[in-house]
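> Assemble chain B onto chain A, guided by the hints.
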Amino acid sequence: MKPLKDAQLGAFTFFASALPHDVCGSNGLPLTPNSIKILGRFQLLKTITHPRLCQYVDISRGKHERLIVVAEHYERSLSDFQKQGKIVLQIAHEVLEGLEFMNKNGMVHRALSPHNVLMDCKGNIKLAKFGLYHMTDHGADVDFPIGYPSYLAPEVIAQGSFHPSDPSHDEAPLPSGPKTDVWSLGVLLFELCAGRRLLQNIDITERLKFILTLGCMDDIVTVLAEEHGCLDSIKALPENVLELLRKCLTFLPSKRPTPAELLRDPVFSEVSRIYTPYQKPVSLFSSSLRCAHLELPEDISDLCKDDDEDYLSQRAIDEVYHLWCLAGGDLEKELTNKEIIQSKPPICTLPNFVLEDGESFGQGRDRSFLLDDTTVTLSLCQLRNRLKDVAGEAYYPLLEDEQSSLPQSNSSNELSSTVTLPLIIRERDTEYQLIRIILFDRLLKAYPYKKNLVWKEARVDIPPLVRGLAWAALLGIEGDIQAKYESIDKDTPIPTDRQIEVDIPRCHQYDELLSSPQGHIKFRRVLKAWVVSHPDLVYWQGLDSLCAPFLYLNFNNEALAYACMSAFIPKYLYNFFLKDNSHVIQEYLTVFSQMIAFHDPELSNHLNEIGFIPDLYAIPWFLTMFTHVFPLHKIFHLWDTLLLGNSSFPFCIGVAILQQLRDRLLANGFNECILLFSDLPEIDIERCVRESINLFCWTPKSATYRQHAQPPKVAGDNGFGKTATYYSSDYQDIPKTDLSREPLALCDLKAEMSPRISAEDLIDLCELSLAGPTKRTKTGKPKIVAVDIRTGEDFNRGHISGSINIPFNTTFSPEGELVQCPASGVLQNYRGRVIVVISHAMKSAVMVRKQSHTQTPVYTGIFLQATSRFRNDVLLPYVGKRKKRKSSFP
Amino acid sequence: MKKNKGKAGSTAEKEFVFEFRAGKHHCVLKVPLQFPAQENINDLHGRLMLLHKIPCYIENELKSSLSNFIENETILDYDREAELALQRLTTGDVDVNKLTNAWTRSYVETTLEHARPEEPSWDEDFADVYHELIHSPASDTLLNLEHNYFVSISELISERDMEIKKLQERQAAEMDKVMHELGNTLSDQDVNAVASQHFDAQQVLENKWASELKQVTGIQKQEYQEWVIKLHQDLQKSNNSSQINEEIKVQPSQLSELTDSGARMFEEQSQLEESFTIHLGAQLKTMHNLRLVRADVLDFCKHRRHGSSGAKLRRLQTALSLYSSSLCGLVLLVDNRVNSYSGIKRDFATVAKECTDFHFPCLEEQLEEVQQVVLYARAQRSSKEKDQPGSSSSCSLNGGDDKSKNVERNPCNILPGEFYISRHSNLSEVHVVFHLCVDDNVRSGNITARDPAIMGLRNILKVCCTHDITTITVPLLLVHDMSEEMTIPWCLKRAELVFKCVKGFMMEMASWDGGISRTVQFLVPKSISEEMFYQLSNMLPQIFRVSSTLTLTSKH
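Going down the list, the sequences are from chains A and B.
Quick note, our numbering runs 2 ahead of the 1-based positions in the first sequence.
229 is the number that our numbering gives to position 231 of the second sequence; each next residue is one higher, with no gaps.
This is chain A alone, in the form it adopts within the complex (with noise of 0.2 Å):
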């Protein structure tokens, strides 16, 4: 969005006509609420942008279908006709260019007068309230009709108005086109001349017959002069003046310019030439060069010429909007303030009676619903007192240089302490948001060049604002997105149309964007785009809980909101949305249920008692990333710390789940667990990504190795692609070697009830690597016991130093009884290690394991397979853990 600049923020209100009780649409569903209709159908205005219209930033529903529209605002506009040193033709002009490129969108003003046509402090026209009539589609959506009486067009008023109550109108009219603008324009241009109002004096349905009687003069701007008794500098006024006001004033639709064939017209001839069209900047994804029109001028101090010292102003703004309402901005308050909103006490509207159908009746009329579309100035003094401290320095961080911290200004030990604060407090901190959304934005210009910073910056947090960005870096979005999406066909009927159909009124309903109408086609364009494009996988239901938080996020950029899911679910979910996925699923439960046997071994044991199994709960979290059980404000900032990591984060995810119900899992039976998961308790989400973040570190690489993973991708990044970390890159990605782990038939896998690793990280986990430092700092590490259960001769001819031997052929016996031993009493001293269990034979590990298991549940854990280097199939079964409990390995 452009930069604030002189511009004000301003809102205005009205209220959404509100539903026919009791009627539901023809799915059988309730019917959408007006005002989500508007919200839905707003969002498309956020893009419109154009130096002759008002940016449209936000709107919020309020309390009885009540919409507050808060948009660039400028105090003064044509209402009091001065003309400001323009003339006439200059103001036509500028008025027509924001009205072609409105018609270009597909929009149509419908309301313009003088007080919706702005000026800024150069006088260039601003339109306003340009969005009202698309929002409201048509005005279909609400009572009150769009425009003002003196400035409707003929045919408006010919076609007619709508009204709630009145029962011979059962149609609303037809929507008005382009032209009835340039009437409008024609009536403007015409009060501008004359220096007065038009059909003031009289009252509406005079004025509206006046208008239509028009149709029979020959001249109209005469006649209306001659009424207007200013005849005289009507007829003073310059013959292209004239002109133009005779084509915009003619009765006939069919004869009169649309705005863009008037914009060609001859009477602009002199002016034109002042006005260069406009150019949209070019968008982050696109194939062409962002920085081709990019010149520096010859002296760079030209640039810091006007610098007002008033950084905030250069912000974008709807930043600055977001900024506001930090800093404590209330919209409805500012409202109530300027008395534009005034309600009545509930109490004195009570209706009297109500029928069985919920028609209510004896209510009177609340005045306070009626339509005053005063836009009122949102005052930025609070949140300019909020930053004023705030060195200008923060406005443009310094990128390039690497060796001073991010970022710099002398607030900056305050806001390192901000650092440490919890996520939902420094989301809700405007000094910290500015910060950080200054250098996202940067960051995010830069991309792909910057793209290693941007990973490094959202391992801090990602500011809401640009979260739709910063996570299309993170999922390394690159080139023309929008080409690609609308090379594919999403218009054709496909097979599948009818589930989405069915699912896509199930998804995240409560949210006002993803249940509004447009909502819901653009959900289905991007699902049929996915299906579309993927012919080798198919749509299972889920896929709709998957796309949400893309559209949410990416609600007016459809093309990056496939881009991203598309890019997130080769990634995270790699062959999921196979037409049989059930050896991937099943293979990815067994290793979640390893995971929760490594990290929480008496849960695991109690679970696997009551036969209590994640087939049972955990597909729907992973196949749709848990946008399936969490809301969405919940999801953000789970996924914010999962696009981080790598593909097997997930099941850190889950086991910090089910940690969270721990208590409650541990002391309920298979029927209580069931219940409790059909409709999952709240979740501390905050608690959640923190223990998943240590459980990650705690987890051996290898010990997530899925044969049905994504298969490492062939070297063949660009020059920006970013360092690979240890913790964002797969297992899969890094080199086999032949220390690597093998694939495990799934009969086997799901055997085992701890996790097997690899040599590799056996020997990580031993630092007994030779390859200089280690990947990993010391603390994040698990601290290991290696059991060596080799037969003695094997041990003392080699083994891993500080190992401990306990032979598995003298420790069990061949029934597979347990043995007293006094090597087993060691173990004892190592409670709270994880254990590596080393063998070379595979089943006898697992029977370590197993028998551990049974006899105690301490002791259960990870299965590590180590190879060739230590002889072949020396098996590691890695038991371990950090629960304390009095038993002891027998």
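Note that these hints are calculated values from the structure, not bench results.
Every clue listed holds true.
Chain A side only, calculated, beta carbon under 7 Å to chain B, not exhaustive:
| hint | residue |
| --- | --- |
| 1 | PHE146 |
| 2 | GLY179 |
| 3 | SER489 |
| 4 | TYR512 |
Per label pair, the in silico range of CB-to-CB distance:
| hint | chain 1 | residue 1 | chain 2 | residue 2 | range |
| --- | --- | --- | --- | --- | --- |
| 5 | A | SER419 | B | ASN66 | 58 to 68 Å |
| 6 | A | PRO745 | B | ASN66 | 56 to 66 Å |
| 7 | A | PRO714 | B | ASN66 | 48 to 58 Å |
| 8 | B | LEU49 | A | GLY197 | 56 to 66 Å |
Some chain A residues well away from chain B (every beta-carbon gap over 12 Å; in silico):
| hint | residue |
| --- | --- |
| 9 | THR51 |
| 10 | ILE89 |
| 11 | LYS282 |
| 12 | ARG317 |
| 13 | SER418 |
| 14 | ILE427 |
| 15 | LYS452 |
| 16 | ASP463 |
| 17 | GLU480 |
| 18 | GLN588 |
| 19 | ASP766 |
Quantities reported herein were computed from a predicted structural model and do not represent experimental measurements.
Glycine included, each C-beta is placed from N, C-alpha and C at the ideal position.
For chain B alone, kept in the frame of chain A given last:
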């Protein structure tokens, strides 16, 4: 209806023709397009490219000519429609006067700029003044004043009761005497004459008291309102409020003397109550409070005298929220007549009269108004049904004919599922009373979720949403008194039905009002056993998801 507008009717198909050269070949692309164009041009373009395998060097040309075509055709459509409308005017198909009047009406009725200026309303001004005062230090005085008025009314009432009782005793004695003489000196006719005389005397006495009460309440109301306005003016005049404060603080001393409340204190103890906090919703959860209460429905209305524990606080709470956006409502189950002559209606009216309503018209006046509105509603309905035959059968769910007959018999009566609303400032814990009409059906065991009474509950909750009633008390069993046929299984079945329906409605409410936290009190009759009560309170958490208790644990 509004949405199925004429747009769909006027679709037309037009053919887009595009010619281009591919090498030596001259190709023509013809695409039929629907107008008005709903499709995204970019998508359409992409689809055409894909479908017809159009070479990419044509891409931009095709796009621009496609968008030009659609733009021009759309403009032509607009022009045609617009001129058709203008033509209809000139040919006289549409009446100019009617048309312009419709426009005028919509401007006058919906926009502030053109609306008729508002006539100042005494009620609302008073509401503002009162709301301001009750949130100021003067609130104490207001409450005390109200209480004094209340005391004088209750003295009057007890005097009345005493006098009526005396009269009845005297008449009973007289009647005894007469009966004794029956057959001897007096005939049946004489007895009848005495009886009617007695009846007349009672009527006269009651009327006398009624008019006296009415007069006193009228005077009280006027005095009170004048006083409130004056106090407000005084407060506004002088910011130096210390003096006013002195003035305000005159009365409270007299109140402490009045501490008789034994009987009601006793009643309160027999109340059973259990509270729950619940979460509703699949992903986004909203929190609500539920309460299961065993009490008499009128306990929420009856005033306790000062001194009984918390009575004053409760009174203050009710007064503070009277003009706020967190009102308290109560569902009262009534029969199909809008009056206060019998049963629970009379009991309620008695309670409502115990104290002057200083803000709203008295119950009788409100009921009269409701009767008018009911008649109006019936007239509206029947005229509408005449207009659109056929729609009547679809809007009534079960036995529409049956019902309309009933209405024809007496249009003043209301039907099951319908309710009227009365507003009160003089009840102890309630501002709004929903008088929900139920029939004998609710006493039977087999009502369903489509029963009119349940639908009425839904509409009540809807009104709660639109009018900021955040606490609502609902009779759980849909009866106020227990009777023989209401066995334990009956109670459990009924409670389950109402719990489940209310749960559904509350989830629906979240979409009406964005999930504002509410309190719903489920009321069970006093005569229900303690055991039964606990059975019901066990049932509640099985139907609603009770939020988990927060366990505080120390960090590791």
